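Please model the complete structure; the sequences and the hints are all you need to start from.
Numbering follows the UniProt record's numbering, in which position 171 of the sequence shown is assigned residue number 171; successive positions increment by one, without gaps.
Derived by calculation from the structure, the hints in this document are not laboratory data. Values in this document were obtained by computation on a predicted structure and should not be read as measured data. For every residue, glycine included, the Cβ atom is placed at its ideal position computed from N, Cα and C. Just to be clear, a hint being listed does not mean it is correct.
[To be verified] Think about it this way: if two alpha-carbon atoms lie no more than 25 Å apart in a straight line, the pair counts; the simulated DMTMM-like pairs of lysine to aspartate or glutamate are:
#  : residue 1 : residue 2
1  : K361      : E463
2  : K200      : E225
3  : K221      : E257
4  : K333      : E257
5  : K243      : E203
6  : K234      : D180
7  : K333      : D289
8  : K253      : E203
9  : K234      : E351
10 : K569      : D489
11 : K619      : E486
12 : K573      : E644
13 : K502      : E532
14 : K221      : E196
15 : K601      : E582
16 : K527      : E486
17 : K601      : D633
18 : K619      : E475
19 : K569      : E532
20 : K503      : E582
21 : K390      : D378
[To be verified] Using C-beta positions, here's what the derived DEER-type ranges look like:
#  : residue 1 : residue 2 : range
22 : N385      : V495      : 54 to 62 Å
23 : K384      : E351      : 39 to 47 Å
24 : V262      : N385      : 53 to 61 Å
25 : E110      : D284      : 36 to 44 Å
26 : H625      : D369      : 19 to 27 Å
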Amino acid sequence: MEGVEMENPATVSTVDDGVDFCESILLRLSSSTQEDHQHLCATIGAMAQELKDQNLASNPVAYFGATCSSLERLLSSDPDPPPQMISSFLTILSFILPRISVPILRKKREFVSELVVRVLRLSSTTVVALVSGLKCVGHLLIVKDTANWADVSHLYSVLLGFMVDSRPKVRRQSHTCIRDVLQSFQGTSALAPASEGITKAFERYLLFAGGSGANATEESKGAQEVLYILDSLKECLPFMLMKYMTTILKYFKTLLELQQPVVTRRITDSLNAICLHPTMDIPDEILLDLLCSIAVYASTNETSADNMTFTARLLDVGLKKIYSLNRQICVVKLPIVFSTLKDILASEHEEPIFAATEAFKSLIHNCIDENLIKQGVDQIARNKNVEVRKSGPTIIEKVCATIESLLDYQYSAIWDMVFQVVSVMFDKLGFYSSYFTRGILMNLADMQRMPDEDFLYRKQLHECLGSALGAMGPETFLSILPLNLEADDLSEVNVWLFPILKKYTVGAHLSFYTETVLGMIGTMRQKSRQLELAGRIVSARSIDAVAYSLWSLLPSFCNYPVDTAESFKDLEKALFVAIQEELEVRGMICSALQILIQQNKRILEENYDLFGIEVSGAKQRAMAHYTPQVATDNLAVLKSSARELLTVMSGILLESPKDDGGCLQVCVYCYPEQWLFIFLLTGNIF
Numbered sequence: 001m002e003g004v005e006m007e008n009p010a011t012v013s014t015v016d017d018g019v020d021f022c023e024s025i026l027l028r029l030s031s032s033t034q035e036d037h038q039h040l041c042a043t044i045g046a047m048a049q050e051l052k053d054q055n056l057a058s059n060p061v062a063y064f065g066a067t068c069s070s071l072e073r074l075l076s077s078d079p080d081p082p083p084q085m086i087s088s089f090l091t092i093l094s095f096i097l098p099r100i101s102v103p104i105l106r107k108k109r110e111f112v113s114e115l116v117v118r119v120l121r122l123s124s125t126t127v128v129a130l131v132s133g134l135k136c137v138g139h140l141l142i143v144k145d146t147a148n149w150a151d152v153s154h155l156y157s158v159l160l161g162f163m164v165d166s167r168p169k170v171r172r173q174s175h176t177c178i179r180d181v182l183q184s185f186q187g188t189s190a191l192a193p194a195s196e197g198i199t200k201a202f203e204r205y206l207l208f209a210g211g212s213g214a215n216a217t218e219e220s221k222g223a224q225e226v227l228y229i230l231d232s233l234k235e236c237l238p239f240m241l242m243k244y245m246t247t248i249l250k251y252f253k254t255l256l257e258l259q260q261p262v263v264t265r266r267i268t269d270s271l272n273a274i275c276l277h278p279t280m281d282i283p284d285e286i287l288l289d290l291l292c293s294i295a296v297y298a299s300t301n302e303t304s305a306d307n308m309t310f311t312a313r314l315l316d317v318g319l320k321k322i323y324s325l326n327r328q329i330c331v332v333k334l335p336i337v338f339s340t341l342k343d344i345l346a347s348e349h350e351e352p353i354f355a356a357t358e359a360f361k362s363l364i365h366n367c368i369d370e371n372l373i374k375q376g377v378d379q380i381a382r383n384k385n386v387e388v389r390k391s392g393p394t395i396i397e398k399v400c401a402t403i404e405s406l407l408d409y410q411y412s413a414i415w416d417m418v419f420q421v422v423s424v425m426f427d428k429l430g431f432y433s434s435y436f437t438r439g440i441l442m443n444l445a446d447m448q449r450m451p452d453e454d455f456l457y458r459k460q461l462h463e464c465l466g467s468a469l470g471a472m473g474p475e476t477f478l479s480i481l482p483l484n485l486e487a488d489d490l491s492e493v494n495v496w497l498f499p500i501l502k503k504y505t506v507g508a509h510l511s512f513y514t515e516t517v518l519g520m521i522g523t524m525r526q527k528s529r530q531l532e533l534a535g536r537i538v539s540a541r542s543i544d545a546v547a548y549s550l551w552s553l554l555p556s557f558c559n560y561p562v563d564t565a566e567s568f569k570d571l572e573k574a575l576f577v578a579i580q581e582e583l584e585v586r587g588m589i590c591s592a593l594q595i596l597i598q599q600n601k602r603i604l605e606e607n608y609d610l611f612g613i614e615v616s617g618a619k620q621r622a623m624a625h626y627t628p629q630v631a632t633d634n635l636a637v638l639k640s641s642a643r644e645l646l647t648v649m650s651g652i653l654l655e656s657p658k659d660d661g662g663c664l665q666v667c668v669y670c671y672p673e674q675w676l677f678i679f680l681l682t683g684n685i686f
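Below, the structure written as structure tokens:
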């Protein structure tokens with residue numbers, strides 16, 4: 001019955017409620033060539049025939065009664081009953097119990113329990129029978145009708161007795177049953193003694209394994225049994241009472257010091273189970289201490305790729321769990337954990353690298369908060385004008401230093417993964433990125449200067465720089481990585497920044513474009529004229545291209561700007577002049593105005609469905625600024641410019657009816673009042 005004992009009894013016995021229990025078994029196993037299966041089919045078939053001969057209904061209760069009666073007769077008539085018959089009866093019983101109503105089971109619980117326990121104590125009982133018997137014991141404990149521990153302790157001790165059984169299937173079934181029973185005991189007085197029973201068993205086997213009087217064979221057996229009971233804790237520990245969970249976790253601390261991989265992995269399995277379990281009633285300080293010990297162990301010991309992967313994932317779920325319970329003790333340990341994840345990234349195995357990357361991103365997102373960032377900002381501000389800083393780095397500074405170290409050439413093979421981590425950090429720090437990541441930004445700029453043959457991740461680099469730009473804004477970004485327009489040699493101008501600025505600028509200040517970028521454009525135009533006068537026409541055209549690139553940033557600066565109502569009027573004057581005098585930039589100006597108008601109108605109309613669209617953190621922050629009142633104020637300012645814009649554009653259209661690309665007409669049509677478009681077509685003014 002190799003294929004039977006592993007089945008879920010509920011699925012076996014409830015294939016179809018309209019099908020006779022016997023038929024459901026025969027349907028599944030009658031074609032099997034295994035001797036155990038054939039014996040089971042013969043037993044259930046004979047039982048069905050007996051019920052039919054006695055004109056009894058073929059329902060679960062009838063099979064339950066027939067099975068118990070047959071098993072009792074067999075045990076009473078033969079001190080050493082045939083193992084196959086015992087196995088068949090217990091298998092049938094394990095299948096049928098889940099289909100019996102709880103009141104009937106409670107009434108017959110003592111009788112059935114005695115039968116099953118008698119079988120489990122037989123020396124000739126097969127593995128299949130033991131597995132089925134343990135299932136029966138577990139189910140009988142789960143449907144108990146009493147909170148009195150004395151009424152269930154005997155059956156529970158039976159399960160505990162198989163925790164370290166040498167037969168894997170029997171042992172694993174015991175662990176599963178104990179877990180299910182503990183789960184059913186939640187909120188009852190039985191949970192404490194049940195948890196205590198596991199704890200005492202654990203202590204007993206630890207003592208036996210470390211006994212000074214034990215010979216080599218006994219020590220080996222004791223050590224193996226400790227491993228077995230550690231296996232059981234992976235299943236049971238999350239459901240134990242906190243008092244006893246704490247006791248066991250303290251033993252884990254001692255066991256970790258042995259630095260035995262087979263022990264360490266079982267402990268990490270148990271800790272992972274605790275961290276994934278939804279309960280909040282756990283000893284957070286001890287758990288965090290264990291997680292840090294595991295982190296240090298992973299950093300200082302050679303371990304397999306599988307173990308590194310598991311450690312990275314455990315640190316992720318573990319720290320998030322601790323953070324939800326006790327934020328203060330968690331954030332203090334972030335530098336240790338980040339250092340371990342950094343070491344895992346240095347491995348040459350794909351799966352651990354991926355796991356560490358995901359853990360980095362997850363912990364940055366979930367455990368680095370505003371208070372942590374503010375603490376770092378305040379510390380930096382206090383030491384701004386101090387030559388020698390007296391205080392050590394804050395937690396957030398340590399974490400950012402670890403992230404920055406990932407840009408060392410040692411990690412060049414996985415810089416694409418590192419850029420993901422850096423981007424998440426930029427996004428989390430937001431505006432405050434400039435306090436902590438200047439070194440990171442300079443390192444990224446240095447990478448841009450690497451030749452293509454030495455650098456494979458140009459696209460990912462630009463995405464990462466885009467995250468930095470979105471986080472800190474173009475004003476701060478360009479203060480750290482300037483365009484360097486004043487350079488005499490055009491090759492020294494950082495023209496590679498233009499595509500990044502164009503693609504990733506959002507939530508900027510229009511005032512910065514007016515006061516700074518337009519000033520850059522004026523400087524470039526003046527420089528171009530000087531070069532023309534000097535006869536350097538090619539250089540002049542190159543400078544004109546830079547000026548054009550600066551104009552091309554205007555639509556991006558109009559992507560959810562934060563100061564439209566306050567700053568548009570100052571920008572407006574320059575735009576109207578440029579529309580009239582610079583044909584090549586009209587399209588960009590019109591595009592920028594369309595973006596301004598349409599985005600604000602969508603806010604008022606609540607027409608900004610982003611379902612299924614990935615929105616960057618920078619754009620989310622910018623859009624969050626746009627309340628209906630902000631949009632109303634913005635549109636009011638834009639509307640106040642309509643008359644002058646209309647006059648300028650209509651004059652251009654009358655002089656040049658072609659309106660290359662139709663951009664002027666489209667721009668005017670986007671304005672808040674439709675009369676603008678009507679006027680444009682009819683020439684009737686107000």
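Numbers of unmet hints, in rising order: Hints 10, 11, 13, 15, 19 and 22 are the ones this structure does not satisfy, whereas the remaining hints hold.
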